[in-house]
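Since the structure of chain H is already known, use the hints to place chain B with the ligands on it.
From first to last, the protein sequence lines are chains H and B. Per this note's numbering, residue 96 is the first one in the first sequence, and the count goes up by one each step. Per this note's numbering, residue 6 is the first one in the second sequence, and the count goes up by one each step.
Incorrect hints may appear among the rest.
[Said to hold, decoys possible] With a Cα cut of at most 25 Å, we get these calculated BS3-like pairs of lysine-lysine:
| id | chain 1 | residue 1 | chain 2 | residue 2 |
| --- | --- | --- | --- | --- |
| 1 | H | Lys390 | H | Lys120 |
| 2 | H | Lys189 | B | Lys57 |
| 3 | H | Lys208 | B | Lys228 |
[Unchecked claim] Beyond 10 Å from chain B on every Cβ pair, some chain H residues (computed):
| id | residue |
| --- | --- |
| 4 | Asn110 |
| 5 | Ala145 |
| 6 | His184 |
| 7 | Arg245 |
By construction, these hints were calculated from the structure, which means they are not laboratory data. From a predicted model like this one, the values you see are computed outputs, not experimental measurements. Don't be surprised by glycine CBs; every beta carbon is placed ideally from N, CA and C.
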Amino acid sequence: MAEIIIKNLRKDFGNFTAVQSSTFKIEDGEFFMLLGPSGCGKTTTLRMIAGLELPTSGEIYIDGEEVGQKPASERDIAFVFQMFALYPHMNVRKNISYPLVSQGFSRAQVRAKVAEVARILGIEDILNRPVGGLSGGDRQRVALGRAIVRNPKAFMMDEPLGALDAEFRERMAEELRALHDRMRATTVYVTHDQLEAMQMGDKIVVMNHGVIEQFGTPQDIYDKPATMFVADFIGSPAMNFLKFRGSVERGATTISLGGVSHGVPEMREPRDGDLVFGVRPEHVRLVDAGEYRGKVRATEYLGTTQIVTLDTSNGPLKARIGAEQPARVGETVGIEFNAATVTLFDSQSGQALRSDLNEGVIGHG
Amino acid sequence: MSGYSITEPSRRQKWVAGTLVVLYALITIMPLIWIITTGFKSPVDSISYPPKVLFEPSLEGYVNLFTTRTRVSPEQLAQLPPPKRWYEEIVRNRDMVIAGPSRYGERFMNSVIIGFGSTFLSVFLGTLAAYAFSRFKVPLKDDLLFFILSTRMMPPIAVAIPIFLMFRKLGLSDTHLGMILLYTAVNISLAVWLLKGFIDEIPREYEEAALIDGYTRFQAFYKVVLPQAATGIASTAIFCLIFAWNEYAFAVLLTSGTAQTAPPFIPTIIGVGGQDWPAVAAGATLFLLPVMIFTIFLRKHLLRGITFGAVRK
Ligand SMILES: Nc1ncnc2c1ncn2[C@@H]1O[C@H](COP(=O)(O)OP(=O)(O)O)[C@@H](O)[C@H]1O
Ligand SMILES: [Mg+2]
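Chain H with its partners taken away, still in its complex shape:
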């Protein structure tokens, strides 16, 4: 069990910077998500924590000890690889016992530990099978077995569900989270799937182009995005961005969008110029009257809800409304927003403006 602190971590490959000055803290026992699009530096960050890649600069503390330049074998960390990397020339039992053999456990101890892990993961009946013919789910379990068998300080998992079929994914995600809740071991989990991150994580770090965009709980990241990138990356459909030119004062509680006044959380910083009005589809209401209007372009029926796409004078807008509500394509309707949930962004930098909503959650400003 361990607390992991990352300070100004950076990794260059030649001229290319894969990770730029990352700083975050992983609490003991946390299920921690590294989330971001493909190529943003998640794997590189994880490999640096594990010791498979040496940082160009910066520090990594595991339980207070700086380990940045230590070899992987001395960090006492387990790693579940994206494609599992089970040793193909060994059977399931050998794969799981391999980390114990290097630590010089006796045969009896190894047998006992492997048996216990197999019981936890429900793979007792395949222990003597070669790993070649296993199903994706079983491979995943064997890889987990190899990771948990020696009780490491922390687990690193690189898109562990990425190689599984969709049907298996959900089940393994549940198993993984259950396993974590039972073992309470610090886990760093890499994924590009925002849904997975939201469902499973205690905390999330959102990365883009090697830069940390936001760090926080799933709720904070969803409700109080620090940047337009985060707002766009998280949630499906993503947050709506309505562009407008204008100015906001410190303490303002309304802004003018398309000549209509809209409520916003009380602003904590002034800004003037190209701004973006960010609102999640579920916080958009369609009304008969209303000054701010849009024309229905398409509807997408989802069972209990529907997604309505509208054209407004500030760009396209999606609303998630009840499936029973009438919305006809071509119709012009009034639009209202849930003022308390709105985030304003600076269009140039993509940063959220500080307000009553996100004060204290977003790091910059």
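Showing chain B with the ligands alone in chain H's frame:
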């Protein structure tokens, strides 16, 4: 019933293909069968015309291969005690007695030592070099690899004279060590290139998993990478052995006494006591065996292929 499939060949196509394959196999295997049967013929049968397909098998060729013999007159022969061993009898039937062992056994052992020695060395060095080229940042990697390959861009025998002179200076002429080093030098470029290809195919994650599991880099190499590279090592070893085993030109040039291998020795059998084709054929047959056994022994590795299955389905 006239259903046909686009992917499955028709019965007729299969039949034609099968016949062609069998024909081709027969043609290529014919000389081999000829050599093997000639080894069991009597000298007369071996040169009879038309050639005999059915003949009375004889071990005379093999006896002649392993012995030197002297001719004796029938009177002297009559005075000798009766032959103690079956091969003495075969020799006496030709009015001869065994004078001693031939040098075939010795030459054969030289071939074994030099062939397997250089194969082991080539594969050993080749695997280490290939691993380094595959996994580490080696300065001027591409140039070095090209340089290694370029040593094979001319026939090795083209440098025979410099090597001959060099070996004489270094005292390596006609030594086992000299021949092992020479064949290793020729084979190593092939070994490095072949093995690098195989090792490149082994995902790094296996080694990294071993590093994470608490093993050193060297342990990860020999416990995880080597078993994965078994196929590549086996096929490389076969190629190296075939070259070293069959090499003739350097062997003629650089060996004569102590380190002479079988290939330059076998033709000299012809000269001993007329044209002894059965003995030559027997020598050639025995000479074929080690490579054949070695290949059959490693065949399961060759056919098994690399197990990618465990990384990804
Ligand atoms: N060993 C390497 N050499 C050069 N570039 C690399 C290396 N490893 C990763 N990169 C680059 O660094 C960036 C981040 O990679 P990675 O951390 O694997 O991204 P992610 O896991 O988020 O998809 C990518 O653009 C990738 O091409
Ligand atoms: Mg990755």
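Hint by hint, here is what the structure shows:
1. H:Lys390 with H:Lys120: violated, 46 Å
2. H:Lys189 with B:Lys57: The hint is violated at about 60 Å.
3. H:Lys208 with B:Lys228: The given pair, whose Cα atoms are some 22 Å apart, holds under the 25 Å limit.
4. Asn110: holds, 15 Å
5. Ala145: The assertion about Ala145 of chain H is violated, with a minimum of 6 Å to chain B.
6. His184: Violated: least Cβ distance 4 Å, not greater than 10 Å.
7. Arg245: It is violated; Arg245 of chain H is separated from chain B by about 8 Å at its closest Cβ, not greater than 10 Å.
Hints 1, 2, 5, 6, 7, counting from the list given before, are not met by this structure.
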